[in-house]
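Colleague: Read off the chains here:
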Amino acid sequence: MALTRIPERPNRHDLLALLLTLGLLALFLEASRETVGPFHPNPISLDPLKLPEYTLRTAFRMGVAFLLSTLFTLVYAPLAAKTRLEPFLISLLDILQSVPILGFLAATAGAFAALFPGRALGYELAAIFAVFTSQAWNMAFSFYQSLKTLPRELDEAATLFRLSPWQRFFRLELPFALPGLVWNAMMSMSGGWFFVVASEAIAVGKTQVQLPGIGSYLATAIAQGDGRAVLLASLSMLAAILAYDQLLFRPLVAWSQRFKYEERPGTEPTRSWVLDLLRRTHTLRGIAEAAFSWALEALFQLERRRPPRRLILPQWVLVLPLLLLGGIGAFILWRQLQPLGWLEVARVFLLGFFTFLRVMGVLLLATAIWVPAGILLGLRPRVAQRVEALLQLLAAFPVNLLYPLLALFLLRHHFSLEVFSAFLMALGTQWYILFNAVAGSMALPEDLKEAARSFGLKGLTLWRRLLLPGTFPHILTGLITASGGTWNAAIVAEVVQWGSLTLQATGLGSYIARWTLEEGQGPHLLLGIAVMSLYVVAINRFVWRRLYRLAEEKFRF
Amino acid sequence: MLLSAKDIVKAFRAGERAYPVLFGVNLTLREGEVVALLGRSGGGKSTLLRILAGLILPDAGEVRFKGKRVEGPVEGMAMVFQTFALFPWLTVLDNVALGLEARGIPKRERLERAREAIALIGLRGFEEAFPKELSGGMRQRVGFARALVVEPEVLLLDEAFSALDPLTAEGLRGDFLDLWLSGRISTKAVLMVTHNIEEAVALADRALILEGSPARIGREIRIPLPHPRDPSNPQFRALVDQIYEALTPREEVERRLEEELLRLPDARVGALMSLAEAIARLGGRADLPLLAEEEGLEVDDLFPLLEALELLGFARVEKGDVELTPAGVAWAEASLEERKVMFAEHLLRRIPLFARLHRALLERRRVPEGWVLNRLKEHLPEPEAKRVLSVLLEWGRYAGLLAYHEGSRMLHLPHPSR
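Residue numbers (the working numbering), protein chains in the order written: chain A, 2 to 558; chain B, 15 to 432.
Pulled out of the complex, with its shape left as it was, chain B reads as follows:
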């Protein structure tokens, strides 16, 4: 066992209140495996990765690397960042050599080793270039070279491919996989955080799903496919579907219903409409991975939309598929004006929070934004409360149920003429 985390608890403090992010997270990383960590955006994946790396300390629980307790960054682990995190004022060579410089390795030797790492990752000839002269894919290659040159036993990938366009990402993924399989690098285990399910299935031996809030490891899905893996292979597809299903917000929605639907998902009305239209086009029922591809959406963008459709009673998600309800079909096919009216109806009927806000507006005609925010803050952390408020405003304005005055920060009923 190379790396293990036991009963990790982490909360972020804002003012006097603490908002739990992780609670009771356990995981192990063994020699010779690639593990993918999946979960909703803002679900604590990155936080967990940073705790494992020693960048953040957990509130409770412990991380052990080769049996020794991790209390800060340790030799033997390296990370590749989503945004590359290259130093723009250093050349490719100096960027790669940085980790070696930190270890006090003499200049000649570290430049030598940096050159080797650069050649290994396919960047020979770019040693003297500055990062800004490189394309995104090449920059991330520098990121990999910089991590690999310190010969880490555990390599942490923080969404390492998600800032790249799909084709470039695939190329880099393939090259990295070849390096890993060939055993030419010292790395003994890889832990990757991703929101790309295909990527997880293509690279990992196991996928861990973070779920709930605060998050814990929910399910573990083994991916026992031999390399090279073919994305069109039925077994590959089945695993993708299985992970989609595991990530599907079934449990989430039920819990939210109990909480009087406080945490409204982050869904723009425009996106909701085009998604409903897309599902209708596909015959009222669609496979989630297919739908994501069709709409050009990432999982992180897709789930809040699905959740919103479900909350409003326009769709139902089951076993990795989404199906429009009769109301949903009608909504998707209605004219723009009719859509508004239907949306308003469903909003009032299905979302108690909104119904309450509407009642308050009918009684008082005007409600200060701060009043609503304070109500929300009794149940939600401040940033979350603000987010929910903005969703409320957007949905309510679209439905024609409320208007908002920016200057006085007041919510009021829309003018009757409209």
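Okay, chain A solo, but in the shape it has when bound:
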């Protein structure tokens, strides 16, 4: 019935859009073909002609991980927001977010490989899982937040008009959450490149697994000292990031703007040529809209005919298995860690302290540099908007690709990794501080800036009285994001290899990295990861969350 509304005459935009869609689909299929095939551990070839294929494979892994993260978010967040499991699910998410993913790579790779013996799928899944874990928690949190902060009047209107659960989801909850979710997805995706690259070349015990992809290509290029290949790989990486940005996220962000509940005046809307193209198409748009509306209608009809039964379980049905699971987990943890002895535990905590010093030190340094720079940039919105796109690209670029080169540099100039590993750790994460400083400075109310100007506030007073306090909440958000990433980066940054030479810094990161490589040393690895998670959780609770409350209370407009 609704299909009759489709205009019959396609226009040239239709043709273009169709080509684009089909092209992307073909690429996707091409990339997925080998994934499920048997695993031939071909050595990575440095032939530039192979590079497009490798890039495609890496991009494909990212895409699958992104889809899985989205699915996870759409299921987990409503469960957390609407069931009695809420406090448990939220704490779980908070912990999961704090676990250093890179420490697990080898373990998960082994596990997934065992699931699909002799196939590439196991290793592929491990890589995808690594990216998934870097995205899913963030996105789920964002969706949960939105579900919990629905505008009261819309919530009431939906209740009063007696929207069914699915109608509520599609008419109220999902649309309201979309802008935040899309923005978060884009940010998570840019963090994901780091992990996909790190997980393409994994050592599981003594086996070195190299999945075809940019990460392994670059690793090989660096191992062979091929400068041209390094450059080419970096360029293809940038191209892949750019393609995702232009073809997926920019259109999504531009599209999700119509779901913004409150609009901030003065901010220019994001534009996307892909979205403009799709909007100008005739037939495609018609089909898409009709299909969507038909599907919704069908879903609502189905729901009416078979109203969902409310599932009410007694509390113990939920709690008992969780308690049991937790108990078993704790027992296994104790069994594994017990032989190590208290001394080892204390040592690992001390190592953690060294890493803690590095993380905090370099974050402070980055704050001291990027906050003023970001605020100044944000005061010139025109420039800032242009620079922001470039910054996003920079932030997405997986710097761990370049660690070996930097290691060579350190070696040449006799810099100690003990200190300089901190800089490696923050290479990728410093941008979050800059980003948020720019955003905060752009969000400063215009009238305050004018007032400051009319009172002739200048220099130190201006910074102390307006610019720093006004941007504080944003800067804090940046610091929190950067801190999480920096801890994770410690695992790859405290041990750096160039050829046969290995540089190592004393710290928890190198401890975890070292035990990842040794077979049968699960307990040490477990201890390292547990201690790092503890550090991250403790810092979250005792530093960031308190500062955040302060920011909420005192520095909001």
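Hint data in this document are derived by calculation from the structure and do not stem from the laboratory. Careful: at least some of the hints might be erroneous.
[Said to hold, decoys possible] Which chain A residues stay away from chain B? Per the calculated CB distances, all over 12 Å, these:
1. 241
2. 280
3. 331
4. 338
5. 349
6. 505
[Unchecked claim] Think about it this way: if two alpha-carbon atoms lie no more than 27 Å apart in a straight line, the pair counts; the simulated DSS-like pairs of lysine-lysine are:
7. B:400 with A:149
8. A:261 with B:146
9. A:555 with B:391
10. A:149 with B:146
11. B:202 with B:20
12. A:261 with B:121
13. A:555 with B:400
14. B:202 with B:80
Quick caveat, the model's predicted, so the values are computed rather than measured. Where is the CB? At the ideal position from N, CA and C, for every residue including glycine.
Keeping the supplied structure of chain A fixed, place chain B upon it in accordance with the hints.
Modeller: Chain B in isolation, oriented as in the chain A frame:
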């Protein structure tokens, strides 16, 4: 009898304590009438409306709609919200059709009916627009269309006109009244919550006054005027005055005196001064509706100010009029410095709570904010205690009787130099 509420009790819980909002509220809504529900802000009007709509459940008592007990939102009642509550991502047409979609009405039919409702309320041509493209008045028209399209027998208006500028509000009110009087809509009764007395007199057949804390229905005032009603008509004016009088905080003030004036009204010193000046300008005595208009204040803003003036002994409110006391006249005409001194005197003399705080300060020199807050919390719910504290701070700082240090959250005596 279409809708009735019997012995409604509602308290809000914060932590372990419960703060009663409504106690023993009874009301009925009969076919063919428009009833206005008036009361002080924060006095439980909105809560009562939401209980009637089935959005909130009462702690005790029951609501019946056409004889059936209301235990959640029911078909046959619809609401128009103060803040419109439109879905910004849906077009006007989809917004209006939302209630029909929830009832599972097929797409073609619901769009048809939504278009009719949109035309009825005067929005034809805006079907495909998004709410943010519309002005406030037009948005609220969408709100009305969305409520009317589900053909409710009872229409609930939650301050439906108060977010609009006066002219727009009047236009929409008139259009709605025409629809109601013409009988072209299915609605059989309207219950409106408002704080605008003129609006109540212009639309309603009866006005119910919520009073006290916890609130109950205090008085019922019939408005037997024929439509169209003329606001300048003496009978209209008399009714407005009558409602003003019913809302006047006489009883409230006496009760507060007993409670050692714990619940200080929310009144900024600046607003107090300009109000006192305005009354002085009008000859020291003013008609409340006139004063409200003169000062551009809503009733909700006016009453706390009047109460404060009364508490301080600067004015007296009687029968819908306010009169400055001799002290009040002197205060209104004094210079800025003198005003401070007089204010301080009256504060110490008339407000025991403040006098006690001042004594404590004289004895100890410094008093933590938390100490004062805890004292207040023994008698008041937390948000109310915080509010009273902020009033205390503002009045005390203005009077030069205390100073407050933000960092340590300490109250102390101001430096002697000042």
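Colleague: Does each hint hold? Answer for all of them.
Modeller: How the hints compare with the structure:
1. With a minimum CB-CB distance of about 32 Å to chain B, residue 241 (chain A) clears the 12 Å threshold, and the non-interface call stands.
2. With a closest Cβ-Cβ approach of about 15 Å to chain B, residue 280 (chain A) is found to remain outside the 12 Å limit, as its non-interface label requires.
3. Chain B leaves residue 331 (chain A) outside its interface by the beta-carbon criterion, the shortest separation being 33 Å against a cut-off of 12 Å.
4. With a cut of 12 Å on Cβ distances, residue 338 (chain A) stays outside the contact zone with chain B, its closest approach being about 41 Å.
5. The non-interface label for residue 349 (chain A) is consistent with chain B: the shortest C-beta to C-beta separation is roughly 40 Å, beyond 12 Å.
6. Look at residue 505 (chain A): its CB is around 46 Å from the nearest CB on chain B, clear of 12 Å, so calling it non-interface holds up.
7. The straight-line distance between the Cα atoms of residue 400 (chain B) and residue 149 (chain A) is roughly 26 Å, inside the 27 Å bound, and the hint therefore holds.
8. At most 27 Å may separate the alpha-carbon atoms for a hinted pair to count; residue 261 (chain A) and residue 146 (chain B) meet this at roughly 11 Å.
9. For the given pair, residue 555 (chain A) sits about 23 Å from residue 391 (chain B) by alpha-carbon distance, which is consistent with the 27 Å threshold.
10. For the hint pairing residue 149 (chain A) with residue 146 (chain B), the CA-to-CA distance comes to about 24 Å; that is within 27 Å, so the pair holds.
11. Taking the CA atoms of residue 202 (chain B) and residue 20 (chain B), the gap is near 21 Å; set against the 27 Å cutoff, the hint holds.
12. With a C-alpha separation of about 26 Å, the suggested pair residue 261 (chain A) and residue 121 (chain B) falls inside the 27 Å cut-off, and the hint holds.
13. Under the criterion of a C-alpha separation no larger than 27 Å, the hint pairing residue 555 (chain A) with residue 400 (chain B) is consistent with the structure, at around 17 Å.
14. Using a Cα cut-off of 27 Å, the hinted pair residue 202 (chain B) and residue 80 (chain B) holds, with the two alpha carbons roughly 12 Å apart.
The structure fails none of the hints (numbered hints given earlier).
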